[in-house]
Amino acid sequence: MEQHILAYFVPKGICIDIHEEHTFGEYILEFPNLSSAQVMELSTRLRLNRGKYLANLKTERIVEIIDKTIQLWLNPQYPLRKLAETLLPMITAYDAEIVRLELKRFLRGFRKKDLYRFLDEEFDNPGMLDNFRPRKSGGFTRVYGPELILHFFSGNVPGLPIWSMIMGLLLKSAGIGKTSSAEPLMAVLFAQSLAEVDENLAECLAVLPWKGGSAQFEDLLLERADAVVIYGSSQTVEKIKNKVRQPIPVLGYGHKISFAAVGQEALTADRYQDTVHRLANDVSVYDQQSCLSPQLVFVERGGVISPRQFAQLLASELDRYEKRRPRAKLGDAEIHAIRSLRNRYEAMAISNSEIDVYASGGGTEWTVVYHGRPGFEGSPLNRTIQVFACQCLEEALSHLRPYRSYLQSAGIAVAPERLEALAHCLAQEGVSRITAIGQMTLGVAGWHHDARFNLADLVRFVDIERSAEQLAELYDPDVE
Amino acid sequence: MQDKVVLVTGASRGIGRAIAKHFASRQAIVIVDFLRNSQLAEEVVEDIQSLGGQGFALQGDVTQEEAVRRMVEEIVDSFGTVDVLVNNALCHYTFNPKLRKTAWELEWKDYQTQIDGSLRGTFNTCKAVMPLMKRQNFGRVINLVTNLIDFPIVPYHDYTTGKAAVLGYSRSLAKELGPFNITVNCVAPGLTYPTDSSRDTQEDVRESIIRLTPLGRLARPEDIAGAVAFLASEEASFITGQTLYVDGGLTMR
Amino acid sequence: MKGWSEELVKEILGFIHAYSDCHSLEAELDPEFNDLALNIFKFQYQGNPHYKRYCQRRHKSPLTVKRWEDIPPIPFQMFKETVLACEPIEEAEAVFMTSGSTNKEKRGRHYHPTLEVWDASMVPPFKHYVLPDRDQMTIYVLSPAEDVNENSSLSRYLSLAVKHYGTRDSAFFFSKEAGFDMAGLVSALRKSEAKGEPVLLMGATFAYVHFLDYCRAEGLAFNLPDSSRIFDTGGLKGQAREVTMEELYSWFKDYFSIERELSINMYGMTELSSQLYDRTIATKVKGGQVCMEKIGPAWTRLQVLNPDTLNPVSFGETGLLAHYDLANWNSAVAVLTEDLGYQTKNGFVLLGRTKGSEARGCSIAIDEMLAEQTSR
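Protein chains in written order, with our numbering: chain A, 1 to 480; chain B, 481 to 733; chain C, 734 to 1109.
Looking at chain A on its own, in the form it has when it is part of the complex (with noise of 0.2 Å):
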C-alpha cells in the first residue's frame, strides 16, 4: 500500500501545489512547489495568527502543550514516530537502532522540567514572558519575542529542527522553517503533532522545503522576519546573515569541532574498557555528522594500557559497533575523503613508528588514526577519529588555539580534582561545552549553544522605568 506523506506543513486554508515526489519504500514524500506570492501570504497569515492567539497565551499554557506533543512522542505506538522510525533510516542512511534511540533521547529532553529549565536557565524571572514583573532595582520589564521567526534546519542529526521550533514557541514567536533535502520530514511531523494537540497553536508555523539560496522569496522572507535563526555550515550562515538587512537578531550555528580528552585516572585497569566503550559510542551515534561529536582525541599515557592500545582497543569497539549498527552508506565524495585519509597515514605510518591507522578490513566503515605525539587534526567523520598520545592533557592545550573559533564541545575522563583547572583550560582555548565521554552527542536543556543564550539572544527586554511608575502614581485621580 503506498502511503502519500506531505513533505511540509501550513496553516490551513493555504493551498500548495504538490510539485515533486520521492519515493521511500512505500512511501512517497511529496515536495510542495512554492510561489512568492504564496509564500509572502503565508507569512502574513502567520503573523496574523500569532496575533490572534500564541500571543496571548500564557507561557504556562505554551509549556503543557509542547509537554502534550513530547507525550505523545515519547510513546512508541505513536502513528507519527512509528513512521518516522520507519521513514528516518531511509531517508538519511542511519542505522535504523540509532535513529529509533537517539531520537527517543533527544525528545525526551523536552518534556515540562526541562522546558522550564530551558526558560529559568536564561530569564531571571520567566513570568517577565507574559507580564510586565518588577526588578531588584526598582521598575518593571516585560519581555518580547520576535512575531515571526525564519528557521533555516540542517539536516545533519534527525529531529535537531524541533529545537530550534520550540525556543520559537516558547517566545510565542510564529515560525517559518526551512528544511534540508537531507533530512525534510521530522518538523513536519513535530508540526502535525503540535496540530493535534493545539490546533491554533500549530497554525502559528509553517515548515517548507526549497533549495536554499536558490528560492526568490528567500530574500523577501528575510526581509519580513523579525528573527533569523540558521543552523548549517559556515558559508551558509555567512551567506544568510549578508543578506539580512535590517538590524534583527540573527543567530548562526555554524561549523564546529568537538573533541574528547581521556586522563590517565580513566585508564585504570578496571575502569579503560569502559572508558573506550564510552569514546566509541559518541564517535559511532550518528556516524559523527553531529557537531557535538567527537573527531579526536587525546589519550594520556600512564594508565594501564598505553595511548596507541587505547588506539587499538577503539578499533575493535568500532568494529564490534559496525557489527551492531552499522555506518550510514555513504555518498562518493564521503568515502574519497577517508580513502585519501588512510592512504595518507598508511604510507606515513610506514616509516614513522608514532603514526599508525587502524582501519575495518573491508570497507571504510571505521578508521581510527594513532599519533605518538600531540597535535590536533580532525576527521572525515563517518566513524573516523584521530587518536593523539600526550604525557599530560594540558600539554595538548596549546595545539588547540588555531582552531579557536570552531571548537566547542570537549568530553573529558579526568579525576574531580582536575575537572574544574582542565575546564578552566579548555575554556581559555575557546570551548564552551565540557561533558562526560559517552554523552558528547546529547545536548541537554538549558546548554549554552555554542556559548551563547538560545532564548534570550532572540528577545527584546522592555522596562518601565521606576520614573515613569512614579509619575503615574501622580496622576491618579484619587492621589492624596
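Source of the hints: derived by calculation from the structure; they are not laboratory data. Since this is a predicted model, take the numbers as computed values, not measurements. Idealized CB from N, CA, C, for every residue including glycine. Each hint should be verified, as a subset may be incorrect.
For lysine-lysine, the following DSSO-like pairs were computed, each having C-alpha atoms within a straight-line distance of at most 27 Å [claimed, not checked]:
#1 A:K323 to B:K655
#2 A:K58 to A:K68
#3 C:K775 to C:K785
#4 C:K1019 to C:K860
#5 A:K12 to A:K68
#6 A:K113 to A:K68
#7 B:K607 to C:K793
#8 C:K839 to C:K970
#9 C:K970 to A:K239
#10 A:K52 to A:K68
#11 C:K775 to B:K607
#12 C:K896 to C:K1017
If you only want the chain C side, here are some residues facing chain A, beta carbon under 8 Å, derived [stated by the list, open to error]:
#13 R786
#14 Y787
#15 Q789
#16 Q810
#17 M811
#18 E814
#19 T815
#20 D946
#21 D1041
#22 T1042
On the provided structure of chain A, position chains B and C as indicated by the hints.
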C-alpha cells in the same frame, strides 16, 4: 585461512604435526616450531609443500623467553605478523600408567618441570604475539590442554596440573584480550593415538578407554587438528574462553 | 641487489623492445606480463623494507601473490611520505619530483637509478599515439623542458620528444628567465601558417588556457596547417580557474583550427615511468571509428578499484585507477591514484580527481575549515 600466518609450537611430530598439515591444506602459511629434531620438522615442511601449502620450520625453545622473542621477530620479518598461535608444545612426558609417579613419589621439581613446559611456554608465546594481534585487531590463540583435567582416568598429577594451569591462564587471557578481538580457546584431547607420547600407554588401558567412549575409539591427531582449525576459523569468531573436548564424548560438560 | 637489478632491467628492456608497438589490452601478452610483474614485485619486496612492510600489513608477499592483479598497489602518497627505492638513492641518475607543494621536503620523489628504462618506455608509445603517420614534425613546446627543470618528469618527456621526433624548426617557448614567451609562440605559429607546414604543440593543459587567454586579449586566432595537432597533459583540476576539457577542446578548434580528433591528452604522473594516451590520433590515422578512450603500452595494466573496499569493480564500473607499470622497477610496480575512471573494451575513460566530502551539517572536516579560514 587463506594467507593467514599460523605458528604451531611443537609441530615436528604427533598432534602438532597434524595441526600444521591441516592449516597448510587450508592455504595458511604455517610456521613449524620445533625444539630439537630439525629433520622431523623439515619432513613436516616437505609434507606441507607436497600438499601445495606454505610451511617453514623454525627452531625455538618456547620455555625460553629470549628464544621465543627471536623466533617471533624472525616470523615478523618474513611474514609480517602472527594471526593464529597454537600452543601445542609440551616437555617430554611418557603416558605410561604402569610407570607413572604416584602422588607420594612426586617432588616439587616434577610439577615445576610440567608447569614450565606447559604454562611458561604458553605464556612466553602469548606475550610475544600479543602486540602483533592487537595491532591488527585480530588474533586467535588456541592452547592444547587435556581432558584429564576433568576426568583423570589415569592420574598423571604433574602433567595434568601443568595443563590445568594453562586452562586458567587461557580464560583470564580471553577476558582481557576479547576487547582487542583476540580469542583464546583451549582444545582438550583425550588419549590420542598414535603419537610418540601415547605409544607407552598399554593396550588394555586403551581398550578400557575405548569401552567408556561413546564414539568407541581413541582420538587421532587429525581429530584434534580439525577442532583446532575450527577455533581458528571465521565460523568460530564469537567463541572465546572455551574448551573444546575432543575425546569422543568420554568427558561431557 | 645490484646483480639482480641489472638482470631485471635487462628483462624489462627486452619486454619493452619486443612489444613496443603493442598495447595493454592484448591478452596474449598476459602470461609474460604476469611473470615479469611478479618478478619485479619480489625484487621490490626484498629490496625495500618500507615496501615490504606495506605489503605485509595487507598479507601480501611473493609467497602468496600469484597474479599481477594481487600485487598491492601503493598509494601515490607513499612517494611523498617515504623513500620508495630499492637501489641506493644517492646513486640515482635522476630523481623526478611532484610539483605543486611549496614545501620541498613534502614533494613526492621518484628515483631512477638509470633513465634507460624510462626513456625506452617513453619513446615508442609517443611515436605510436602522437605521430603514427610521421617520422618527424615541428614541435613547439609551451612548458618547461629539461634545461629549466631537471627534476620534472614532464620536462624530460618534452625534451625527449623533441630530440627524437622534432624537426630542426622545433622550439621551446618556456625559459627560466622569461617564463612562457607567448609573443614568441605567436610569431612561430604565424610562420608555420605561412609555410603551410604542420606543427605539434606540446605542453601542460593549463599552459594552453593561459595562451588562449592571451590570444583572446590580443584578438589572435590561427589557421594551423592540416595535420597539425595539440598534445596536452596534466588536466585542469586544482587550478584557480574553472575550465572544462570540453571548453578547452572547443577553443582549440576556434583558435588553432585543430579538431578534437587531432588533440591528444597524455596521462602521466611522476610516480609512474610510462605514459597513457588518448587513442584519438592513432585511430584517426588508421581510418574508421575514432576512439576517445585512453590506453597504455603493453608493459602497463590498469585495475579499477571500488573506493570503499579497494576490490576490483566489475568491468565498466567507475572506481579508483590503479596502474601497473613494469617500467616502475625501482619503486612500486603498482600505484594507487586518486583518479576516477572506468574501463571500456577500447581502453579507459578518465573522469578526473576525486573530490573531498562536503559536510552535511554543522560538523566539519578540518581541511574544509582551514580552507574557509584562508578564503576569508
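We went through each hint and held it up to the structure:
Distance hint between K323 of chain A and K655 of chain B is fulfilled; the C-alpha atoms sit about 20 Å from each other, no more than 27 Å. Restraint check: the Cα-Cα separation between K58 of chain A and K68 of chain A comes to about 16 Å, which is no more than 27 Å; the hinted pair holds. For the proposed pair K775 of chain C and K785 of chain C, the alpha carbon gap of about 9 Å is at most 27 Å, so the pair holds. Taking the CA atoms of K1019 of chain C and K860 of chain C, the gap is about 14 Å. The hint holds against a cut of 27 Å.
For the suggested pair K12 of chain A and K68 of chain A, the alpha carbons sit about 22 Å apart, so the restraint of at most 27 Å is met. This hinted pair checks out: K113 of chain A and K68 of chain A have alpha carbons roughly 12 Å apart, not beyond 27 Å. Between K607 of chain B and K793 of chain C, the direct Cα distance comes to roughly 25 Å. Compliance with the 27 Å bound is thereby established for this hinted pair. Between K839 of chain C and K970 of chain C, the direct Cα distance comes to roughly 20 Å. Compliance with the 27 Å bound is thereby established for this hinted pair.
A distance of roughly 26 Å separates the Cα atoms of K970 of chain C and K239 of chain A; the hinted pair therefore holds under the 27 Å criterion. Annotation: proposed proximity of K52 of chain A to K68 of chain A holds, straight-line Cα distance about 22 Å (limit 27 Å). Taking the CA atoms of K775 of chain C and K607 of chain B, the gap is about 32 Å. The hint is violated against a cut of 27 Å. Taking the CA atoms of K896 of chain C and K1017 of chain C, the gap is near 25 Å; set against the 27 Å cutoff, the hint holds.
Using the Cβ-Cβ criterion of 8 Å, the hint placing R786 of chain C at the interface with chain A is satisfied: the shortest such distance is roughly 5 Å. Because the beta carbon of Y787 of chain C sits about 5 Å from the nearest beta carbon in chain A, less than 8 Å, this interface hint is met. Residue-level restraint check for Q789 of chain C is violated (minimum Cβ-Cβ distance to chain A is 10 Å; threshold 8 Å). With a least beta-carbon distance of about 4 Å to chain A, the hint placing Q810 of chain C at the interface is held under the 8 Å criterion.
The closest approach between the C-beta of M811 of chain C and any C-beta of chain A is roughly 4 Å, which is under the 8 Å cut-off, so the hint is satisfied. At its closest, the beta carbon of E814 of chain C sits 4 Å from a beta carbon of chain A; the interface hint therefore holds under the 8 Å criterion. With 8 Å as the threshold, the beta carbon of T815 of chain C comes within range of chain A, its nearest partner Cβ sitting at about 4 Å, so the hint holds. Hint status for D946 of chain C: violated, given a least beta-carbon distance of 29 Å to chain A, over 8 Å.
A distance limit of 8 Å between C-beta atoms decides the matter here; for D1041 of chain C the minimum to chain A is near 4 Å, and the interface restraint holds. Against a cut-off of 8 Å between C-beta atoms, the interface hint on T1042 of chain C holds, since the closest Cβ of chain A lies about 5 Å away.
The structure is inconsistent with the numbered hints 11, 15 and 20, although it conforms to all the rest.
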